[in-house]
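Order-wise, the sequence lines are chains R and H. For our numbering, add 225 to where a residue sits in the first sequence, where the first one is 1. For our numbering, add 256 to where a residue sits in the second sequence, where the first one is 1.
Every clue listed holds true.
Quick list of the computed label-pair ranges, beta carbon to beta carbon:
no. : chain 1 : residue 1 : chain 2 : residue 2 : range
1   : H       : Gln554    : R       : Arg374    : 38 to 44 Å
2   : H       : Ala603    : R       : Pro449    : 56 to 62 Å
3   : H       : Pro660    : R       : Asp294    : 24 to 30 Å
4   : H       : Pro685    : R       : Ala429    : 52 to 58 Å
Chain H is faced by these chain R residues, among others (derived, beta-carbon under 7 Å):
no. : residue
5   : Ile245
6   : Ala248
7   : Ala312
8   : Pro334
9   : Gly336
10  : Val337
Derived by calculation from the structure, the hints in this document are not laboratory data. The beta-carbon is built from N, C-alpha and C at its ideal position, and this holds for glycine as well.
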Amino acid sequence: MTDGQGNLGRLLIVDDETQIVRALTPALSAAGFVVSTAESGEAALAVLAGEGAEVVILDLGLPDMDGKDVIQRIREWSEAPIIVLSARDLESEKIAALDLGADDFVNKPVGVGELLARIRAAMRGRERRFSAQPRFKFGDLEINFPARRVMIQGEEVRLTPREYQLLRILAGHAGQVVTHKQIITAVWGADSNADAQFVRVLMAQLRQKLETDPSSPEILVTEPGIGYRLHCDD
Amino acid sequence: MAQTGFREPAWLSRLDTPSRYALALGVVAVSTVMAQALFMLTGSNRIGGAFLVGVLFTSYLLGSGPGYLAAAVSFVIYNLYLGNGNLIPPHYRPEDIMVVLTFPTVAVLMGNLTGRVRDEAKRAHTRALTTAVLFEASREFSASDDPTVIRARLADHLAAAARGQAFVLDGEALTCVGGTPPDEVLTAARGLMQAPPAAGAGGEVRTVETHRWRVRLLADGMTAGWQGEPASAEEENLLQILADAGAAAKTRAALTVAKADAEARARTEDLRNALLSSISHDLRTPLAAVLASATALQEFGDKFDAKTRHDLTTTIQEETERLNAFVTNLLNMTRLEGGMLDPASSAFDLSEVVDRTKKRFERLRGKRKIACVLDEEAAIALGDPVLFEVALANVLENAIRYSPDGGLISLKSYPRDDRVVVEVTDEGPGVPEAELPRLFDKFYRGAAAKRLPGTGLGLSIVRGVMQGMGGDASAALRSDASSGMVMSLALPAVRM
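Can you build the whole structure from these sequences, using the hints too?
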């Protein structure tokens, strides 16, 4: 069709609205993906089990099953990045999808440019988490994981153990949303009774140490009602 | 024993207190006559028995007070006998003293006994009456959810129980029985409502007496007042309970109404949420396709071949048209609901409208075929051609969307009674028979429809405009072997 080389691997679009699939397919192919499509949850699982996919773009409103169930089924055996693309804009839906293991949540309508950026971020995040990079560096921020050292503009910043845990989980998912629940589990443990308010307080402390202007953060960005994102986009 | 051992004869129970004492004296007089007769017959003044019988009767029948009187008078008269005319006998014999002492003793014992029985019976009677009145009142109260009715019934019952007048004041609404109470009483009632006596502090005062009326503060900003014949403590108690029961009934009625309101609001809220999520989905899906296509062309336009570029611009065009159709439907629906749709009524040529509508769906139709058979007898209908096109387009679009590729959609018209019917038959999956009656409901979408885009507005608009033109729309399943729907649009025919 175009000069898409397929050098970024396979991408699966799961959406029952054919016009969306028709509109996205050429652009994603041109960007370098081999695009396969599925119109239902069962079909999506079949494609993943067969030819597989490096990235999944998933609509939540599918004719045969809820998109959240598809996320759950995929996560039983696959770690492929999942980006939810949905017209539902309920916060609870986004949180549920992210908690179930989706990597990101994009609202319809979305431009191809933003969608591709989210896909790249999700793929980088997976790569980083599974290849155990000892260092993270983006912009002014630098983290040395083995030494537990955090530098901002080359100067070391002293973090409390909890602040460091918070920064670590956000850096591990750099560019992606991390929900309050995921943060609480990582910082306080799964059976703690900490709530989103604890996260907000801890985040305020961390921003004081990392951000140039903590009142308009540029590194640690809030996703209202859902969680936080460590901003890293090229 | 208490309840049934003593029953006053009716004529006795009607006696007032002075008559009872008078009657006691009468009994003593009879005793004296009998004693005198005995005295004259026997010459003995040992005739205490006669008086004793009198005292016994008086105490038993007329109560303790008259009994004491009878005992006292009998004592004096018997003394006169014993003393041969002297009030204080010169000498008592022991048995005489015994007899004389027996009078008061018998009177006291008997009076106590019958008095207790009588009081008990009277209380039982009042209780039965109270229960009956309260039962009747609460039965009537609970039969209604209308505060006005409850107020009126409460005022009636209060007036009857007080044997006089009564009023119920609920906020500014006043209900009176037996005439309007004086202004001072109503002012007192309003005062009670505005400055309720402080609760607690050992027995709050909720009833005040003014101008011979009793005014009681009830729950929920209500007061009730009554005046009538002097009432016993029990009757007064009954009136208060009655008033409180009425207020409770009104509170319950108000709550019932509030609950129904809240449920209605919740249903409206559910409907609104369903509508919002449906509309946001139906607006965003075409928008998403348009935005994705447009940005794809922007970013990769020069990398796409001609066919891909054409596909993307076609998507933009189609989705924009879909959005436009959706917005038009929403507007039509809003106008229908607001009663702003004003159908013109004129004779028009059905075939023209059918042709126009068919052309609109050339592209959507794809490989499906549309066969038209229009009856000459039903060529002209009465109505608004523009609105009929809205209805027909909605029906035809459904038929196309639900038909398989290559399926046949047949459109035919025919006269039926004094109407012209246009029928659209498809080869789609049809709907379960149970869904048929709800197809035209607003926002209703059948199980099969959930897979296709749509709001469930289309068919409700169809029925709305058809009925607005004096026609109707109906749905049926195909009667032949194949699956599919038959949608009928009927308009008044033109009388030739």
